[in-house]
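Please build the complex by placing chain B on the supplied structure of chain A, with the hints as guidance.
From first to last, the protein sequence lines stand for chains A and B. Heads up: the first sequence begins at 2 in our numbering, then just goes up one per residue. Heads up: the second sequence begins at 3 in our numbering, then just goes up one per residue.
No lab work stands behind these hints: they were computed from the structure.
Here are the simulated EDC-like pairs of lysine to aspartate or glutamate, each with C-alpha atoms no more than 16 Å apart in a straight line:
id	chain 1	residue 1	chain 2	residue 2
1	B	131	B	89
2	B	48	B	175
3	A	190	A	202
4	B	102	A	60
5	A	110	B	178
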Amino acid sequence: MICRKGLDICILGFLILSIGCIGCVPMAEIALSPGAPDDLPGCYAIFPAGHWESVHRIEAIIRGGVSSSLLGVTKGEPSERRLHSLLLTPEGFILFDAELQEDRIAIRKAVAPFDSPAFARGLMEDVTLLFLPPQVRPTTWRKETGGTRICRWEGPGGSRTEVRGSMDHGWRIQHRDDQGEVTREVSLKGPFVQGLASHMELRAFKPASYRLRMTLLQVAP
Amino acid sequence: MKRLFFLSVLIIMGFLSAAVGSSQDWASLKEASRNIQSVKAEFLQKRYLQILTKPLLSEGRFFFYASGFLRWEYLSPLRSVMLQKGDTIRPYHFSEGVWKPEMTQAVESRRMVLAEISQWFQGRFDESKAFTHLYSPGPPARVILTPKEGINRFIQRIEIVLSARPGVIDRVEIEEPGGSRTSIEFRNVEINSSLPSEIFEKP
Chain A
2 MICRKGLDIC ILGFLILSIG CIGCVPMAEI ALSPGAPDDL PGCYAIFPAG
52 HWESVHRIEA IIRGGVSSSL LGVTKGEPSE RRLHSLLLTP EGFILFDAEL
102 QEDRIAIRKA VAPFDSPAFA RGLMEDVTLL FLPPQVRPTT WRKETGGTRI
152 CRWEGPGGSR TEVRGSMDHG WRIQHRDDQG EVTREVSLKG PFVQGLASHM
202 ELRAFKPASY RLRMTLLQVA P
Chain B
3 MKRLFFLSVL IIMGFLSAAV GSSQDWASLK EASRNIQSVK AEFLQKRYLQ
53 ILTKPLLSEG RFFFYASGFL RWEYLSPLRS VMLQKGDTIR PYHFSEGVWK
103 PEMTQAVESR RMVLAEISQW FQGRFDESKA FTHLYSPGPP ARVILTPKEG
153 INRFIQRIEI VLSARPGVID RVEIEEPGGS RTSIEFRNVE INSSLPSEIF
203 EKP
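Bound-form chain A, shown alone (with noise of 0.2 Å):
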């Protein structure tokens, strides 16, 4: 009878375990091939073209559960590669204020936590990753028959971008470095207003741990 509520405890457990790891591991990688030249377009479908700027409400998450709200302002430049960012706390003080061109950046405000040369480069790699596709045209390609689309791209030094899903499931995208160990996932959920999805989750893995829940509030062009 011991024996057996100890059993029960431990199945108990790992099913805890096992739901609260649900989305905690990122998507693994599946073999791909150049796809077919119609379907490549599709691989752009989550980023905005044209000019576009945005309101996020930004739930930043880091270890220990610490969490904290604000306001995202960004502006891009698809064709330019250039997105202007501002972080803003709910009453408007503006926390950061930073421009990337290329892989340029340049900071015009930043108050303490937020100051640091990591803390810029890290938010605009974040920011780059919601709204930039990668530079360089994907390297393989599909389109699956029920309409999922994944799309990789490959880095210099060895990193790759993946794109997967769809406009009515969602979409992933997905960092991996060099070691092919993934750096940042993000979920992006529709309905898409002009070009921008309404609900978008960034998880964080190296070399920080942190997750960024954002909603829309705001999108012009």
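Frame of chain A; chain B shown alone:
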């Protein structure tokens, strides 16, 4: 030369009469504010940023009690609240159905702004450590706050537009270097209504 002298005298006389007139109005403003024990109001905040074509709109409410208590609450688009009791500020945000303590950020800026707001609602514009003030009798009557050294890196000018109702603020305009600005319009202002103490204690 005579004409220039006459013009100078006129200008000086004009300044003097304005100064006398405003000192009387200033005194009545101070007197009206002295009787304010509590304020309750709703507000609409418009945040104009250079990178946005449309302003960012936020709505909220605030509660003020003269002995150093302030609750500044946003209802949309982000639900958050700052509770001030003396020098202590506790910020919270509402997430997943519960209030969560806010990770500390820009605490000094927030403390300074809340301290200023508390002083404005008591008509204590001349007690600010961060700003010098200039009273313009209007109508509408206005108080222009100019930041002192240090603060002027973040705020260029604050204009407080006063209501015809004594002691009530209609609107606050905050200008920043670089062209961004914030406008806060107050409405449904209640003066000296009874406020339960938990408003300032619990988010």
